[in-house]
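Colleague: So you can see what is in the structure, the chains are spelled out below.
Protein chains: 2
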Amino acid sequence: MARKDRPRDRFGEPAAGNGIMSRRIFLEGALVAGAAGASVTAARAEPLAVPAWSKQPGSPFTPYGQPSKFESKVVRTFANPANAPGTGSARTPHQHLDGMMTPSGLHFERSHSGVPDIDPEQHRLVIHGMVRRSMVYSLENLSRYPRTSRIAFLECAGNSGALNQAQPAQVDIQAIHGLLSCADWTGVKLSTLLDEVGVDPAATWVIAEGADSSGMSRSFPIAKAMDDALLCMYQNGERVRPSNGYPVRLLLPGFEGNMNVKWLRRLKLTNEPQMAKDETSKYTVLLQNEKAWQFVFPLEVKSVITHPSPGHLLKGAGFYEISGLAWSGNGTIRSVEVSADGGKTWAPAVLNNPVLPKALTRFRAAWQWNGGPAQLQSRATDDTGMVQPSRAAFIAERGLRGNYHFNAIQTWGINDKGEAANAYA
Amino acid sequence: MARKDRPRDRFGEPAAGNGIMSRRIFLEGALVAGAAGASVTAARAEPLAVPAWSKQPGSPFTPYGQPSKFESKVVRTFANPANAPGTGSARTPHQHLDGMMTPSGLHFERSHSGVPDIDPEQHRLVIHGMVRRSMVYSLENLSRYPRTSRIAFLECAGNSGALNQAQPAQVDIQAIHGLLSCADWTGVKLSTLLDEVGVDPAATWVIAEGADSSGMSRSFPIAKAMDDALLCMYQNGERVRPSNGYPVRLLLPGFEGNMNVKWLRRLKLTNEPQMAKDETSKYTVLLQNEKAWQFVFPLEVKSVITHPSPGHLLKGAGFYEISGLAWSGNGTIRSVEVSADGGKTWAPAVLNNPVLPKALTRFRAAWQWNGGPAQLQSRATDDTGMVQPSRAAFIAERGLRGNYHFNAIQTWGINDKGEAANAYA
Numbered sequence: 214m215a216r217k218d219r220p221r222d223r224f225g226e227p228a229a230g231n232g233i234m235s236r237r238i239f240l241e242g243a244l245v246a247g248a249a250g251a252s253v254t255a256a257r258a259e260p261l262a263v264p265a266w267s268k269q270p271g272s273p274f275t276p277y278g279q280p281s282k283f284e285s286k287v288v289r290t291f292a293n294p295a296n297a298p299g300t301g302s303a304r305t306p307h308q309h310l311d312g313m314m315t316p317s318g319l320h321f322e323r324s325h326s327g328v329p330d331i332d333p334e335q336h337r338l339v340i341h342g343m344v345r346r347s348m349v350y351s352l353e354n355l356s357r358y359p360r361t362s363r364i365a366f367l368e369c370a371g372n373s374g375a376l377n378q379a380q381p382a383q384v385d386i387q388a389i390h391g392l393l394s395c396a397d398w399t400g401v402k403l404s405t406l407l408d409e410v411g412v413d414p415a416a417t418w419v420i421a422e423g424a425d426s427s428g429m430s431r432s433f434p435i436a437k438a439m440d441d442a443l444l445c446m447y448q449n450g451e452r453v454r455p456s457n458g459y460p461v462r463l464l465l466p467g468f469e470g471n472m473n474v475k476w477l478r479r480l481k482l483t484n485e486p487q488m489a490k491d492e493t494s495k496y497t498v499l500l501q502n503e504k505a506w507q508f509v510f511p512l513e514v515k516s517v518i519t520h521p522s523p524g525h526l527l528k529g530a531g532f533y534e535i536s537g538l539a540w541s542g543n544g545t546i547r548s549v550e551v552s553a554d555g556g557k558t559w560a561p562a563v564l565n566n567p568v569l570p571k572a573l574t575r576f577r578a579a580w581q582w583n584g585g586p587a588q589l590q591s592r593a594t595d596d597t598g599m600v601q602p603s604r605a606a607f608i609a610e611r612g613l614r615g616n617y618h619f620n621a622i623q624t625w626g627i628n629d630k631g632e633a634a635n636a637y638a
Numbered sequence: 214m215a216r217k218d219r220p221r222d223r224f225g226e227p228a229a230g231n232g233i234m235s236r237r238i239f240l241e242g243a244l245v246a247g248a249a250g251a252s253v254t255a256a257r258a259e260p261l262a263v264p265a266w267s268k269q270p271g272s273p274f275t276p277y278g279q280p281s282k283f284e285s286k287v288v289r290t291f292a293n294p295a296n297a298p299g300t301g302s303a304r305t306p307h308q309h310l311d312g313m314m315t316p317s318g319l320h321f322e323r324s325h326s327g328v329p330d331i332d333p334e335q336h337r338l339v340i341h342g343m344v345r346r347s348m349v350y351s352l353e354n355l356s357r358y359p360r361t362s363r364i365a366f367l368e369c370a371g372n373s374g375a376l377n378q379a380q381p382a383q384v385d386i387q388a389i390h391g392l393l394s395c396a397d398w399t400g401v402k403l404s405t406l407l408d409e410v411g412v413d414p415a416a417t418w419v420i421a422e423g424a425d426s427s428g429m430s431r432s433f434p435i436a437k438a439m440d441d442a443l444l445c446m447y448q449n450g451e452r453v454r455p456s457n458g459y460p461v462r463l464l465l466p467g468f469e470g471n472m473n474v475k476w477l478r479r480l481k482l483t484n485e486p487q488m489a490k491d492e493t494s495k496y497t498v499l500l501q502n503e504k505a506w507q508f509v510f511p512l513e514v515k516s517v518i519t520h521p522s523p524g525h526l527l528k529g530a531g532f533y534e535i536s537g538l539a540w541s542g543n544g545t546i547r548s549v550e551v552s553a554d555g556g557k558t559w560a561p562a563v564l565n566n567p568v569l570p571k572a573l574t575r576f577r578a579a580w581q582w583n584g585g586p587a588q589l590q591s592r593a594t595d596d597t598g599m600v601q602p603s604r605a606a607f608i609a610e611r612g613l614r615g616n617y618h619f620n621a622i623q624t625w626g627i628n629d630k631g632e633a634a635n636a637y638a
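Chain order of the listed sequences is F and V.
If you use the numbering used here, the first sequence corresponds to residues 214 to 638, in order.
If you use the numbering used here, the second sequence corresponds to residues 214 to 638, in order.
These are computed hints drawn from the structure, not numbers from a lab.
Hints are not guaranteed to be accurate.
As the list makes no split between identical chains, a pair holds if one copy fits it or if it spans any two.
Claimed, not checked - List time: in silico BS3-like cross-link candidates among lysine-lysine, alpha-carbon distance up to 30 Å:
no. : residue 1 : residue 2
1   : Lys495    : Lys437
2   : Lys481    : Lys268
3   : Lys495    : Lys268
4   : Lys490    : Lys268
5   : Lys630    : Lys528
Whenever a hint applies, use it, and build me the whole structure from the sequences.
Modeller: What follows is the structure, given as structure tokens:
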């Protein structure tokens, strides 16, 4: 190891190449003390000047709070022209966020004909088809059933599809991975209502339809309906936001986002899938052997480093925390490894509690940057044993045609100016 | 048991008096099917009419989302006149919420001189006093240290003090228990910075001061500083809201809310507490024997039923879910029991995962209301073995003078019209 790669003795030996440090820094306390202080401009204390805002009364109470005006850049981004509804998506700014939850105002959106303005008192949900008796539910009806809550991620099947280009697009994490969010969802188990309507034993599929003007609909197996499907009325404590399906959305934990139908108005029990446009022309995984995977539901194990990432600037060699998100539609994250040398060597990251099934898991690792080029990567493993693939392995299997379920390892290249950029390694 | 108290056979035997049902309803699946459907107006399905909002494109994407206009009643409440800053508080509407998280826009606020309008680039935090070298940190400095995230409740020490009146005030849960919220907090461990500045072994206290114009300050033991104190920059994923301490607040998990100093500008290491006005004239627990408890920090084990609660109307006998929140500043909720007969009989509630230390825990229980009077209660136990006291036991110890740390059992009386009201039992 070159001398410049070696951290100071206080950190002990590095855990992987190019400055990745031992997890002891996080697990055993404050061994990192001095690392940041020594490399930044923290100054000796003087009596602090009293700023203007400490000299006058502040703002009054507000019924519903908002972020600071100084955070006005922390917003969702979308390609649609202003005030133009229609199909599109708005992306979560993970480069500005930390923790495991996504605030509802920044939860990603995907809609096919804008956000319908639904009066909850008039909204109805019908369950029909291969059932003993069809039923129509108002929101008041639904509110009478037992509820459950769970923290779950949602990810668009097309998230990260931008990596499926021959050359790395010079865009940020929000543009590449912004169709991913995590919230505390509360609602009625679909199995409760299916017990009530009485499912024909021959029924194998459920078709879910939204009340938006595109009539967005998807099919899902009845096994999922009886397992953990949830009809959600609450998101992060309050009623689901309009952009996320107010007044009731379907949650199919771990399944591709498009199937979590918003503005839910209809559930039809059938013995075959609907073959809707969103499961034939779209949301089907094209392979390079001219075949395709249709009805691939769970989102595979995946992770991405949020800090540092494009738009962040490392200001000089020294200590940096590497932090990111990991998730699996098949279960719970078991481990995340990080690399600073493009995958040549790896060291384990710390998983921030709570680590929950089908939820985002925040991971953290310590990095002593030597000021030179680096290639940062993270690699997640879930409790089914699945390991996030390298981009090369992913492309070898699927080629460059498939824009869905892209879960290969993301590389952020760091140059000697401390700039981060999307890179292939 | 009177015949009218007996639920239908499908539920099996009740688990406690006056209609409290077995947890099997939640634990073993959808045994409740039909209970709500039979008692509400869910109708046989007809082809659903197509509503107006399904016939036209919806609203376009928005950079930062907001709740539905139909939820405009779901707001914080406060006694201060409009546009009048100063001391006061704004309360979380738990009667409208479900799940474990509180959206940041509805997180309770307590401020003593309004919300300062702090420019994060100019904000500074000093750590000084009994340290080897004082340090001044900018937000950029702080952002260089390792972070950790945790989901934690905050509760004002004065929360629920309204129950300390001889007669039950006819107000709702928001007015009584609204100074309570839960969020995903992310920041730098205070212990990391204290290792850097070097604490004098003789130092026993830390004094924390805010940058608001009241200069709100509190003292806390250095043991807490070295344990789990966090300097938070993020709340529910995004930067802390101004009303909750932007750009950096102190989090002392489980300690009374007032000590979690917002707009943090100064931490002074000392060998005695400051005896600030907020720890002498206020936030001291008066007892009925003319004594007082000063420096009582952790909030004791507590719970409250949020549904049903005042303002909700039970529409006819039948199945209702009882749902609420439990928490302990001393650890993790181990169990919650519910009663429908004012505490004569109890049955266990289901704890909704995740159950985390020093966080809100959502509990749920099944209730078959017979249409007659009932007294709903919840009683929490934490993993230290502490059990939430009855109001009688609480008053016997502390009398009616102490407005702080009121953690006795809340009773909601249900009358035969299905109305809920604050009651003493």
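Colleague: Hints first: check each against the structure and report whether it holds.
Modeller: Hint by hint, here is what the structure shows:
Taking the shortest alpha-carbon separations for Lys495 and Lys437, only the intra-copy value of 21 Å comes in at or below 30 Å, while the best inter-copy value is 54 Å. In this homomeric assembly, Lys481 and Lys268 come within 30 Å of each other (Cα to Cα) only across copies, at 21 Å, whereas the closest approach inside a single copy is 63 Å. In this homomeric assembly, Lys495 and Lys268 come within 30 Å of each other (Cα to Cα) only across copies, at 23 Å, whereas the closest approach inside a single copy is 58 Å. Within a single copy, Lys490 and Lys268 get their C-alpha atoms only as close as 61 Å, which misses the 30 Å cut-off; across copies the closest is 19 Å, which meets it.
Proximity of Lys630 and Lys528 under a CA criterion of 30 Å is satisfied intra-copy only: 8 Å inside one chain copy versus 66 Å between copies.
Violated hints: none; the structure is consistent with every hint.
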